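> Listed below, chain by chain, are the residues.
Number of protein chains: 2
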Amino acid sequence: MWLSTIAVLLCASLSNALTCNLSSDLVKEIRSYQGTVDQIINATTQGLFKGKTYDELAYFVDKFGARQAGSQVLEDSIDYLLDLMQKEGYDLENVHGENVTIPHWIRGTQTCEMLSPRRTNIPVLTLGGSVSTIANGVEAEAIVVKDFDELDRVSEKVKGKIVVYNNEYITYGVSVAYRSQGPIKAAKYGAIATLIRSVTPFSLNTLHTGQTDYDNSVTKIAAASITREHAHMFQRMQDRGDKIVLKLNIQTQNLDPVTSRNVVAEIKGSRDPEKVVLVSGHIDSWDVGVGAMDDGGGAFISWYSLRVLKALGLKPKRTVRSVLWTAEEPGLIGVQAYDKAHKDELDNFIFVMESDEGTFTPLGLEYVAGDEGGCILEEVMKLLAPINATQANIVDYAGSDITIWRNILPTGSLLNRNENYFWYHHSEADTMDVLDPAALDKATALWASVAYVLADLNKDFPRQVPKLNVVLPSVLKV
Amino acid sequence: MWLSTIAVLLCASLSNALTCNLSSDLVKEIRSYQGTVDQIINATTQGLFKGKTYDELAYFVDKFGARQAGSQVLEDSIDYLLDLMQKEGYDLENVHGENVTIPHWIRGTQTCEMLSPRRTNIPVLTLGGSVSTIANGVEAEAIVVKDFDELDRVSEKVKGKIVVYNNEYITYGVSVAYRSQGPIKAAKYGAIATLIRSVTPFSLNTLHTGQTDYDNSVTKIAAASITREHAHMFQRMQDRGDKIVLKLNIQTQNLDPVTSRNVVAEIKGSRDPEKVVLVSGHIDSWDVGVGAMDDGGGAFISWYSLRVLKALGLKPKRTVRSVLWTAEEPGLIGVQAYDKAHKDELDNFIFVMESDEGTFTPLGLEYVAGDEGGCILEEVMKLLAPINATQANIVDYAGSDITIWRNILPTGSLLNRNENYFWYHHSEADTMDVLDPAALDKATALWASVAYVLADLNKDFPRQVPKLNVVLPSVLKV
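Protein chains in written order, with full-length UniProt numbering: chain A, 1 to 478; chain B, 1 to 478.
Hint data in this document are derived by calculation from the structure and do not stem from the laboratory.
All figures in this text were calculated on a predicted structure; none of them were measured in a lab.
We put the beta carbon where it would ideally sit given N, CA and C, even for glycine.
Watch out, some of these pointers could steer you wrong.
[Said to hold, decoys possible] The list that follows gives simulated cross-link-like pairs (lysine-lysine, PhoX-like), each with its CA atoms no further than 25 Å apart:
#	chain 1	residue 1	chain 2	residue 2
1	B	K28	B	K459
2	A	K146	B	K52
3	B	K63	A	K243
[To be verified] A partial selection of chain B residues facing chain A, derived with a Cβ cut-off under 10 Å:
#	residue
4	F64
5	V131
6	A135
7	L204
8	R228
9	W423
10	D430
Please construct the entire structure, taking both the sequences and the accompanying hints into account.
Structure (structure tokens):
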């Protein structure tokens, strides 16, 4: 997930107390899907497909490992999936890749030695997109700040130093600002490099990467994460009056852009094949861990839910399309290209879903839709009672990639028990151990059920969306 | 902590249901200490010493970092403490080091590359005491076993291979057998190296070291830990029929033994100075993390509790002695030398305590003592009601180092909320972040209170101890 859980963060500002006046015919129609949804749930959680989403994903990440944007392994993993989806027994339709030109940034050397007050190596993990330090690294005094306000207060002391952000974890949405904006703000005051406390509420000496931003009007300086533990240590040292001297060597490369692909598969609609309910996740990951959680789980429930529908012979009136976005991590690159290429088709996008905030035990759906749409979703989610995933919560944003359509069409995201998501996020700990086969089965069942019902209802899902209560981050204004 | 929490593990086999018939005079005498204990608690948790155990320990670990047995930094840290304890305001008595010859094992190269089914680096952490592989490492097929039974069943396939133990975490006491005995058992069947799943119930791709054992009658083979995550991955690969090929390079050195020191400080007894209540922890740590938890916390509450007693002018009838054991991690080396040097004095050891299972929020005391001793401890622990640490639980072993005296004199260990102890144990995550200032204050208060009362009671604490219900590990039969 590139973007924060701003959605989660802000949802409290929106009211869930809908007054619903759906026609009794519509309610009856939605309720008539209970048998179908039960069939999907049974097949996925007890029948033929029990444990299969997990097994497919485990095989995939064991085979390919991390799938960083720009890497050959990402393309190999895409080839593998394109093949797999067309295999006998999978039988997805219209399986193809859609080309996208994506950046190719790679990390090289990343070392930090503390020279004073004690000599020791400090583990660092370069942030995505970071520039390099000079060739053999920079040696400089460090200055620790708790937040941007403190940075402003000590701005006169920053010049020529390495700024260490000991940013408290509030929520990811709040605290990730230090990762994305920290280098720009420190460079404005003349810092020569930055170390950012990993954006996580819990650590076992764990480093977390993620994309950082630059401003072309400000000197670009190298940026790496440090652990919570080392940020705390630096804070204690500074508070005691110790002079902290670091030798930081960060080497990175921006290679030539490469061609990657968004991975598309469908079940063609029987009545209105041009109309689309889209389910999605992203196929790329960071280069640490294996991207099992971010976003292997979201990507795999998205294409696997189509396999389940197909195997059960469920062919909805409208097309259900699975898209696995490429290059989400470096800045939602895949979806932006898709948006451009499919501009003319967007009017036919009925409902767009993405799972990129974990596939832990599902609780329901988060959505951005108008009142009538909300009422329909509340009714649809009642069908998921057999797996206790009946919540339908309105939020300000849903998904990560798909937020680019937030203002023009209704969107939804998997609501799940993701309290510990940021323990693993963008770290070496993002592995299959985070995932649970039974939770993934339920997530696949939910994804397949919601997509199927919305694609099959007689009337199109209402298109209107509520006005955004917050400013859209610039990267999403595409 | 070198030894497991066998104590915790086995305590269920012993009954806590004591029938107590302490004389009313003795009960009255113990209760008369409530004012003194309140004074200790107030000074430590609210007064002059609030937060001080944490601050002292944080300064210490920030200054020295890891303190591996054999290293110069361990000796420097011992010098520092010997100085500190004698400083004005600290004023401990009879502060001195007692020489011990200790082993000096160090890790060098530790790399593991998986060559098949996919090329990737596997993080490994050499186990303490491990021998090296051949100079440039061994390249061999891996065979994964879940336990020793499975190893026996597949013994014919083991020759020439690297045995990977995917040992489930049951309890530390049970599962640590794979770390200590795994290399011997695998080598018996002709394995050329071993990888042991880190002994922990939770992991963020976390490696845990610890001492491993060899048997002189069996070929010594290199041993390193892998993460839970990678053990699971290897298991999945083997279960699918994939051939796993690894290149493992482990280089270690056994350097010449060095002289280290047990660190001793006292408050001399006013009536029977030759009689001793001993409080202890160990000063050495592994070379990963900074040994803040294992056993910085235990060591620091042990000497700091004497500082508190001293500052409060509390001089008990018997001597309270703090000993910080050296070289616990490589096999209880410091305490064995101490035992030998103080053989003649052991009859005067009234009660011996060690904290080496965490200094999280204290709950009370674990002890090995006879019924009368148990009844006295139950009464003494009631004095700790102001900090809710009144439990007195009989166990089979208490402490780690001090288990060598388990059969000859009464021993005790800090009972604390250490459910997550093994998340951090022997890993890079053993840092100050594990500790909490308020919990440490309470632990210091408990330690000082129990030591003071037992050292000050009119009658000596009853010497008898219950018969051991289990076999003592060989290393403890000294």
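> Do the numbers back the hint for R228/B, that is, is its least Cβ distance to chain A under 10 Å?
holds (6 Å)
> Taking the closest Cβ pair, is V131/B under 10 Å from chain A?
Violated, because the Cβ-Cβ distance from V131/B to chain A comes to roughly 26 Å (cut-off 10 Å).
> Taking 25 Å as the top limit, are the C-alpha atoms of K146/A and K52/B close enough?
holds (23 Å)
> What's the verdict on K63/B and K243/A, does the C-alpha distance respect the 25 Å limit or exceed it?
holds (13 Å)
> Against chain A, run the beta carbon of L204/B and see if the smallest gap drops under 10 Å.
holds (4 Å)
> Given W423/B as an interface hint, is its Cβ closer than 10 Å to any Cβ of chain A?
Holds: closest Cβ of chain A sits about 7 Å from W423/B, inside 10 Å.
> Taking 10 Å as the limit, does the beta-carbon of F64/B come near enough to a beta-carbon in chain A?
holds (8 Å)
> Holds or violated: is there a CB of chain A closer than 10 Å to the CB of A135/B?
violated (25 Å)
> Quickly compare the C-alpha distance for K28/B and K459/B to 25 Å and report which way the hint goes.
holds (13 Å)
> Against chain A, is D430/B within 10 Å by beta-carbon distance?
For D430/B, the interface hint holds, since the closest Cβ of chain A sits about 9 Å away, which is under 10 Å.
The earlier numbered hints that this structure contradicts are 5, 6.
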